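All chains, please: the whole structure from these sequences, using the hints.
2 protein chains.
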Amino acid sequence: MSGGSTAAFATPSAAFVRNPHNVLVLIRKANDKDWPAIWPFLRKVVAAGETYTLPRDIGEKQARELWLLEPPGRTVVAAKPDGTIAGTAKMNPNHQGPAAHLATASFIVDPAHSGYGIGRALGEHVLDWARSEGYRAMQFNAVVETNTRAVALWRSLGFEVLGTVPEGFLHPTHGYVGLHIMHRHL
Amino acid sequence: MSGGSTAAFATPSAAFVRNPHNVLVLIRKANDKDWPAIWPFLRKVVAAGETYTLPRDIGEKQARELWLLEPPGRTVVAAKPDGTIAGTAKMNPNHQGPAAHLATASFIVDPAHSGYGIGRALGEHVLDWARSEGYRAMQFNAVVETNTRAVALWRSLGFEVLGTVPEGFLHPTHGYVGLHIMHRHL
Numbered sequence: 001m002s003g004g005s006t007a008a009f010a011t012p013s014a015a016f017v018r019n020p021h022n023v024l025v026l027i028r029k030a031n032d033k034d035w036p037a038i039w040p041f042l043r044k045v046v047a048a049g050e051t052y053t054l055p056r057d058i059g060e061k062q063a064r065e066l067w068l069l070e071p072p073g074r075t076v077v078a079a080k081p082d083g084t085i086a087g088t089a090k091m092n093p094n095h096q097g098p099a100a101h102l103a104t105a106s107f108i109v110d111p112a113h114s115g116y117g118i119g120r121a122l123g124e125h126v127l128d129w130a131r132s133e134g135y136r137a138m139q140f141n142a143v144v145e146t147n148t149r150a151v152a153l154w155r156s157l158g159f160e161v162l163g164t165v166p167e168g169f170l171h172p173t174h175g176y177v178g179l180h181i182m183h184r185h186l
Numbered sequence: 187m188s189g190g191s192t193a194a195f196a197t198p199s200a201a202f203v204r205n206p207h208n209v210l211v212l213i214r215k216a217n218d219k220d221w222p223a224i225w226p227f228l229r230k231v232v233a234a235g236e237t238y239t240l241p242r243d244i245g246e247k248q249a250r251e252l253w254l255l256e257p258p259g260r261t262v263v264a265a266k267p268d269g270t271i272a273g274t275a276k277m278n279p280n281h282q283g284p285a286a287h288l289a290t291a292s293f294i295v296d297p298a299h300s301g302y303g304i305g306r307a308l309g310e311h312v313l314d315w316a317r318s319e320g321y322r323a324m325q326f327n328a329v330v331e332t333n334t335r336a337v338a339l340w341r342s343l344g345f346e347v348l349g350t351v352p353e354g355f356l357h358p359t360h361g362y363v364g365l366h367i368m369h370r371h372l
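Same order as they appear, the protein sequences are chains A and B. Everything in the first sequence is counted per my numbering, starting at 1 for the first residue and increasing by one. Everything in the second sequence is counted per my numbering, starting at 187 for the first residue and increasing by one.
If you're looking for bench data, these hints aren't it; they were derived computationally from the structure. On a predicted model such as this, the values are computed, not experimentally measured, just so you know. Ideal placement from N, C-alpha and C gives every residue a C-beta, glycine not left out.
To give a feel for the contact side, a few chain A residues facing chain B, derived at Cβ under 10 Å:
#1 Pro55
#2 Ile58
#3 Leu170
#4 His171
#5 Leu179
Going by beta-carbon spacing under 10 Å, a handful of chain A positions derived as facing chain B:
#6 Ala99
#7 Val165
#8 Pro166
Distance ranges between label pairs, derived from CB positions:
#9 B:Lys215 with A:Lys33: 43 to 49 Å
#10 B:Ser300 with A:Lys33: 50 to 56 Å
#11 B:Gly344 with A:Arg64: 35 to 41 Å
#12 A:Asp32 with B:Lys230: 39 to 45 Å
#13 B:Asp218 with A:Asn92: 27 to 33 Å
Below, the structure written as structure tokens:
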């Protein structure tokens, strides 16, 4: 379950991991300068309306405020060896107070870099982060059931479906479909 | 399932409902002047740490920002016939975009007015509001499983448990207990 962080590359804010193709992916904390690289594919994925519970016509300001988190939240980018930012994830507490031991996270991979293992590298990184921060579990609140690649990826990373909100998501071609709530202990 | 709104009393922002004891309860939109009445019992309930996923030592400013919602959210108070504010509820979209048809809500009843039907009156009001706003379902994200009165109330109002986050809540006497995700169609 380790993200496979290579000690020689690891720093407190960045770590290279090997994706399933055995190619290095750099996962590092996002900064303001990354936003121009994130926004085009974030907008594309949200506008498609197939996987995200965000307004399809979301504005750049709202998207940026929502995506680039301050502590206790955190946002990272995944960069390919040539520096191209191919995906991003944000992670944060899912609840507060007596339920603050539950983390949550969201992921966006640039469709142009699909199939490269970026989502898996980000998922493993987020789990490592949550463990190191002392969270006891990770919960995803809204995984669209027709997003079968994501569902399969999270299952392969140890998540189970806790429950499914019936007709919880209006898909542009499938109509109302379920929204999975997924969970795993850490 | 109607909140039993009495036309003679109803206004766009306030409605009397009869609680199970056949006593009128006024449900109306909360305003800034209600906060001094809400804060003492909100603080007491949150500090007890048995039912709420908020910091037990929550500050007044944070609580106020979190509780008094602007549109598309809404916050109401429940007043007894003598004007005493005995409970409050807030309601808002649970997700955005393609899942914006799901509403959620939170409730706090002053323990000093427990057993008077305030929670039920607020629950029925919230369901009426969500229907009138065009939501298709109501979802509660974190109902502590040991809060058996609340679980029974929501079941009696048509909610079902979609799933339970195992060990999702650290209860001061029961230790880690489950957090129910509850749902009903509208």
